[in-house]
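**Q** Required output: the full structure, derived from the provided sequences and hints.
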Amino acid sequence: GESVGLHLPTLSVQEGDNSIINCAYSNSASDYFIWYKQESGKGPQFIIDIRSNMDKRQGQRVTVLLNKTVKHLSLQIAATQPGDSAVYFCAERGPGDTGTASKLTFGTGTRLQVTL
Amino acid sequence: DGGITQSPKYLFRKEGQNVTLSCEQNLNHDAMYWYRQDPGQGLRLIYYSQIVNDFQKGDIAEGYSVSREKKESFPLTVTSAQKNPTAFYLCASSIASGRGNEQFFGPGTRLTVL
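Protein chains in written order, with the working numbering: chain Z, 1 to 116; chain W, 1 to 114.
Hint data in this document are derived by calculation from the structure and do not stem from the laboratory. Accuracy of the hints is not assured; some may be wrong.
What the hints assert, rightly or not - Below, computed lysine-lysine pairings styled on BS3-like, alpha-carbon distance capped at 25 Å: (1) K71/Z - K70/W; (2) K14/W - K103/Z; (3) K42/Z - K71/W; (4) K9/W - K70/W; (5) K103/Z - K57/W.
**A** Here it is in structure tokens:
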């Protein structure tokens with residue numbers, strides 16, 4: 001309910017360690033997924049995306065894993081840095097969106113805190 | 001530089017007033033979106049537009065209105081009918097395609113009702 005959403009799950013990681021942020025998505029037919037990073041008071045920033053025909057995709061210091069069997073998405077950040085501290089959102093696109101716009105459904109987010 | 005701009009950054013409104021939030025993009029994107037974000041929550045879709053002079057309601061359109069007279073502009077009006085308008089409002093745009101593409105976000109407008 002509303003009270004749950006006010007308290008974001010928080011992941012605390014030491015600088016230099018790897019971070020794993022998890023997301024359970026809702027629609028088994030979703031075909032496209034994105035991870036966004038949002039710093040306080042700013043708009044979300046694209047990190048990495050993955051299509052449903054893949055189970056892994058790597059970027060610079062980040063890896064996204066997709067497990068369609070259990071509807072689970074994860075973001076791995078290697079050698080976490082203080083600048084990685086932010087709220088991370090996963091987003092999914094449902095199968096019915098065949099128009100021009102990409103309607104995305106966002107998760108509630110996870111706060112990553114990097115300690116020195 | 002290409003990007004999305006939103007103005008103002010902070011906006012204060014008295015109860016019963018309508019206010020309009022600006023969103024402009026110079027990315028040549030066809031699709032544009034408005035989201036609302038409440039503290040500690042994810043983004044909820046208010047309205048979206050796939051092309052000029054066309055727009056559709058999102059999940060929480062009640063109390064809001066939009067227009068899309070130009071490709072680069074998608075202003076959002078928060079009307080007095082919106083019962084709880086205090087929130088962080090985010091505008092986004094994406095390339096036109098039938099497949100998923102990332103949405104680029106603006107810096108947001110924080111609206112507070114006094």
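**Q** Against the structure shown, which of the earlier numbered hints fail to hold, in ascending order?
**A** Result: hints 1 and 2 break, sorted rising.
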